[in-house]
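Undergrad: Residue-level listing of the chains:
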Amino acid sequence: MVKRIVVGAHYGLRDWLMQRVTAVVMLLATLVFAAFFLTHPSAQFEDWQWFFSYQAVRVLALLFFLSLYLHAWVGVRDILMDYIQPVGVRLTLQVATIVALVSYALWTVSILWRG
Amino acid sequence: MSTPSAVAKKRPKHLDLPKIRLPIPGVVSILHRISGTVMFLVLIPVLLRCLDSSLASQESFEDLRFQLGSWVAKLVVIGLSWAFIHHFLAGIRYLLLDLHIGIDLPTTRFWSKVVLVAGMLLTLLVAVAIW
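Chains R and U supply the protein sequences, listed in that same order.
Under my numbering, residue 115 is the last one in the first sequence; the count climbs by one each step, no gaps.
Under my numbering, residue 1131 is the last one in the second sequence; the count climbs by one each step, no gaps.
Among the clues, some could well be false.
[What the hints assert, rightly or not] Not the full set, but computed from the structure, chain U residues with beta-carbon under 8 Å of chain R:
1) R1033
2) G1036
3) T1037
4) I1044
5) L1048
6) L1051
7) D1052
8) S1054
9) L1055
10) Q1058
11) F1061
12) D1063
13) L1095
Hints are computed from structural coordinates only; laboratory data are not their basis.
Fair warning: this is a prediction, and the values are worked out from it, not measured in the lab.
The beta carbon of each residue, even a glycine, is placed where N, CA and C say it ideally should be.
Assemble the whole structure, with the sequences as input and the hints as a guide.
TA: Written as structure tokens, this is what we have:
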């Protein structure tokens, strides 16, 4: 009988699931936006603005981008944990990643709902 | 439980990168990481900048169209398209593997090749379309 000693911060399953859920959200949103580009190959400013005048489109775009930022966080953090061994450097890069992603999220909202 | 260090010492180490012959699924995997990193560093800020300009006003929309017309911009768009398409296709493959679809070795090798080749072909299609 092997008695397993489970160690760690127990965020593995949650992050694993988050990576998959955000991937599916982005996949579906990408299909909607690809459908616009394929049906409007020579879209002008008016067409583009008309498309984004729908609240549903803005919400879908926001969902896409928020999923992207959460997905990027899990992915970038995994890569930093694997390849950057000095703790100080890794922590600095992780903090920089968080600051960048939060800034991107604020920028996204200001683009989609500009005054 | 044996101590990890006693076991680790006996293992042969092949950390000489050119000597490591990565199997096809491994190639898809490392390219998934590389394309993801490229998109985090380049695609996200570029995409937001483009979305901003495209929606701000008629003038900024036309400015963006002009900027994207240069051959440097087109090369960047083609490179980022590859990163997106490869990551997208490889990601679908991982979602299917999670559902235990196609996990035997011949199948997983076959679909790894499909992902790798389809990513390049679709990128070529994008390149032809925008050039």
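Undergrad: Would you mind marking each hint as holding or not holding in the structure?
TA: Results for each hint:
Interface restraint check: U/R1033 against chain R, minimum CB-CB distance 6 Å, threshold 8 Å, status holds. Proximity of U/G1036 to chain R holds as hinted, the smallest CB-CB distance being about 5 Å (cut-off 8 Å). Given hint, U/T1037 at the interface with chain R, holds; its Cβ is 6 Å from that chain's nearest Cβ, closer than 8 Å. The beta carbon of U/I1044 comes within 6 Å of a beta carbon in chain R, closer than 8 Å, and the hint placing it at the interface holds.
Against a cut-off of 8 Å between C-beta atoms, the interface hint on U/L1048 holds, since the closest Cβ of chain R lies about 6 Å away. Using the Cβ-Cβ criterion of 8 Å, the hint placing U/L1051 at the interface with chain R is satisfied: the shortest such distance is roughly 6 Å. Nearest Cβ of chain R to the Cβ of U/D1052: about 5 Å, under the 8 Å cut. The hint holds. For the restraint placing U/S1054 at the interface with chain R, the shortest Cβ-Cβ distance is roughly 6 Å, inside the 8 Å limit, so the hint holds.
Given the 8 Å rule on beta carbons, the hint for U/L1055 holds: about 6 Å separates it from the nearest Cβ of chain R. Interface hint at U/Q1058: satisfied, since its Cβ lies 5 Å from the closest Cβ of chain R, which is below the 8 Å cut-off. Checking U/F1061 against chain R: minimum C-beta separation of about 4 Å stays under 8 Å; hint holds. With a cut of 8 Å, the hint placing U/D1063 at the interface with chain R is violated, because the nearest CB-to-CB distance is about 11 Å.
A distance limit of 8 Å between C-beta atoms decides the matter here; for U/L1095 the minimum to chain R is near 6 Å, and the interface restraint holds.
Against the hints set out earlier in the document, a violation occurs for number 12 only.
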